[in-house]
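Peer 1: These protein sequence lines map, in sequence, to chains G and W.
Take any residue in the first sequence, note its place counting from 1, add 189, and you have its number in my numbering.
Take any residue in the second sequence, note its place counting from 1, add 189, and you have its number in my numbering.
One should not assume that every hint holds.
Any copy, or any two copies together, can satisfy a pair, since identical chains are not distinguished.
As the list claims (entries may be wrong) - Only pairs whose alpha carbons sit at most 25 Å apart, straight line, appear in this in silico SDA-like list of lysine to any residue:
| # | residue 1 | residue 2 |
| --- | --- | --- |
| 1 | Lys451 | Asp235 |
| 2 | Lys434 | Asp235 |
| 3 | Lys434 | Ser191 |
| 4 | Lys210 | Ala325 |
| 5 | Lys233 | Ile221 |
| 6 | Lys468 | Leu264 |
| 7 | Lys222 | Pro323 |
Just so you know, these hints were derived from the structure itself, not from any lab.
Source: prediction; values computed, not measured.
2 protein chains.
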Amino acid sequence: MSREVVVIGCGMTKFGRHDDKSLMDLLVEASIKALDDTGIENIKIDSVYVATMLAGELTHQTAIASALADQLGLLPAGAQRIENGPASGGSAVINGYQAIASGVCDAVLVTGGEKMRHVPGDKITDLISTMTHPIAEYIHGVTLPSLAAMFTRLYMTHYGVTREHLARIAIKNHENALRNPYAHIHQRITLEGIYKGPEAEVNNPVISDPLRLYDSCPVTDGAASVVLCSAEEAKKLGISKPMVKIAGVGNATDTLALSERKNPLVLEAVKLASQKAFKMAGLKPQDIDLAELHDAFEILELAESEDAGFFEKGTAHKAVEEGVTLLSGSFPINPSGGLKARGHPVGATGVAQVVELTWQLRGEAGERQVKNAKRGFCCNFGGFGNNVTAIILERV
Amino acid sequence: MSREVVVIGCGMTKFGRHDDKSLMDLLVEASIKALDDTGIENIKIDSVYVATMLAGELTHQTAIASALADQLGLLPAGAQRIENGPASGGSAVINGYQAIASGVCDAVLVTGGEKMRHVPGDKITDLISTMTHPIAEYIHGVTLPSLAAMFTRLYMTHYGVTREHLARIAIKNHENALRNPYAHIHQRITLEGIYKGPEAEVNNPVISDPLRLYDSCPVTDGAASVVLCSAEEAKKLGISKPMVKIAGVGNATDTLALSERKNPLVLEAVKLASQKAFKMAGLKPQDIDLAELHDAFEILELAESEDAGFFEKGTAHKAVEEGVTLLSGSFPINPSGGLKARGHPVGATGVAQVVELTWQLRGEAGERQVKNAKRGFCCNFGGFGNNVTAIILERV
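Generate the whole structure from the sequences, applying the supplied hints.
Peer 2: Set out below in structure tokens:
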């Protein structure tokens, strides 16, 4: 019934520390790359979606979508900002999709970004924590690393996941990021260095037991951008790059407080968002060639890969042991380096996942290209799994 | 091509000062009223849209849409927050419309709200100013009242608008608000009291010349909410109230800095957003029976009514003289009392406009009912006209 939507352009800034650039500079840079990538000069954009979690709090600028439309010379396009915690990017892509599928727009620009590194770490940790339950969690000093630590401990106890499994995920994602010029961290890490060796305790100090420094993603500045277009309009425009369509989208919520979940081991919102996306796409997890998952902490890559349906619950760490999720494995996860090593400029992440999948499905991913990638899945994870988006892309 | 969308429920909190309620309390109250108003028990909501400009900055809570979905027992509905400055509400309604029209959702809840009065006025003025141009305006101390003052002066000089014209708009909107139990300000004002009489200078001090206290809207706490549904699904549900459909939507941007506009007297984004909405609805301004306009300052009601196409440019003040826009006039504007007297909890305003139009089109507006209201128009105005939404509702 609704119109088919394709990704016709994508781009991103280098992720990392950008002391010399404002949030707007980053959004503009990623957007211009995505617009240029369409190959169409002065492509008409009907609406601009900006995903950012903390623009107001960190850069003292609100209504930033209008500002971006103006900076880019895209007036009088519509404009709006989507804020959905760390799932802002995924939500913006879905709302951009809906703007086109509804027939209101033909082409939209979706740009996500965050500028965070200029602010002291404790302030960032506090601001990120404002997405937890204000009474059941926040006022007790709960932070995202502390929630992830409890979740990790539960997973270790219940399923036999070990610190070595977690370290292997980090090592894989750092390894992939070495092949991604846009990644924040270009650093090879080893089991010796962060887990087994004599220096491991020093290199990798405890943050929130059992989590250590290398178990979580860095604080990153950066932006990512995609141009979405109706398939019909894209044909008219004569886009020369391979077409990648948005085959399915899903968004689901779960209890805000982690303690209120029937089974805290199950990421219900990952499950339901993924099921929606698969249903819409008419596909099954087995049909997917690669995934970009929201590994703000390694345990999330593991749990999401299970709850999205790629592995039986409680078995993904076995797949890690077997190398299934390596770039060379049968089901690569986070070829980009993931949040762990590509970095996590909060509002950019969900969009960056779609950018990576598009590059992979077009065969443009260079040294980290997944062979014969035809269908990709990504999951953007808000709060501690209380708001999750899932998106499936398919090469047409 | 796309599906028809109807408003099947609406509700709002009393607008005003709510020291005893949190932002979440306000969002929940308005949402429950809107859900109840559908008359359908446990109606299935597929996605929750929350419009708020400053939830993070003023209440230290982010990702608030997931929190609302949880509070309301609407899990696992999708959820996202839209921030678009003072146009957040209109943008959220349009994105909710698109979610349904695209076929992704059947029913969505759109709730806008702001909790502002607990914060000192200078902090509010500063935070609201974060939507101006950061370099061309904000750092020079430009605030929304100062922009409105310059715009008002220009209008007075160019078109012969007088302080009395402005006062008449304020008096009308205060008068209408006396008939609206949800309005923030229930106070009759007179030409004597605020403009002509011996006490006028004292009652109505200068804020930003030529603007005085009674020329601008108050700072308000409150929330408003609508339930949108596909027309098809609404029929299946057996909604008993008169159906009101979203006939047209439009969103457009203009230069962020007021000084960059070719003709600063013309609100280009109002013009273009309105034209889009009228085109989609297949209607003309003459077909509209009443309008809710964004009168954060009286001059905006005047200018919007012209640029939306209801009056020739530069003539709306004549219509004010003739009483055309009074509740008893031939084209009532802001029967609710508008931002001026109903109040302006920033994120709530665009949604409250849709609530008022729905009540009017259903014939439920009580003492302020516009006779034979069949089609209504509303305009939500972001920044200083750099981002505007227009929505047309029609009784089916």
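Peer 1: Now, for every hint given, state plainly whether the structure supports it.
Peer 2: Results for each hint:
1. Taking identical chains as interchangeable, the C-alpha atoms of Lys451 and Asp235 lie at most 25 Å apart only when they sit on different chains, with a minimum of 22 Å there against 43 Å within one chain.
2. Taking the closest pair of Cα atoms, Lys434 and Asp235 come within 25 Å of each other both inside a single copy (19 Å) and across two copies (23 Å).
3. Taking the closest pair of Cα atoms, Lys434 and Ser191 come within 25 Å of each other both inside a single copy (13 Å) and across two copies (19 Å).
4. With identical chains, the CA atoms of Lys210 and Ala325 are at most 25 Å apart between copies only, with a shortest distance of 18 Å across copies and 37 Å within one.
5. Within a single copy, Lys233 and Ile221 get their C-alpha atoms as close as 13 Å, which meets the 25 Å cut-off; across copies the closest is 40 Å, which misses it.
6. For the identical chains of this complex, Lys468 and Leu264 are inter-copy neighbours only, at 19 Å across copies versus 37 Å inside a copy, given an alpha-carbon limit of 25 Å.
7. In this homomeric assembly, Lys222 and Pro323 come within 25 Å of each other (Cα to Cα) only across copies, at 24 Å, whereas the closest approach inside a single copy is 39 Å.
The structure shown violates none of the earlier numbered hints.
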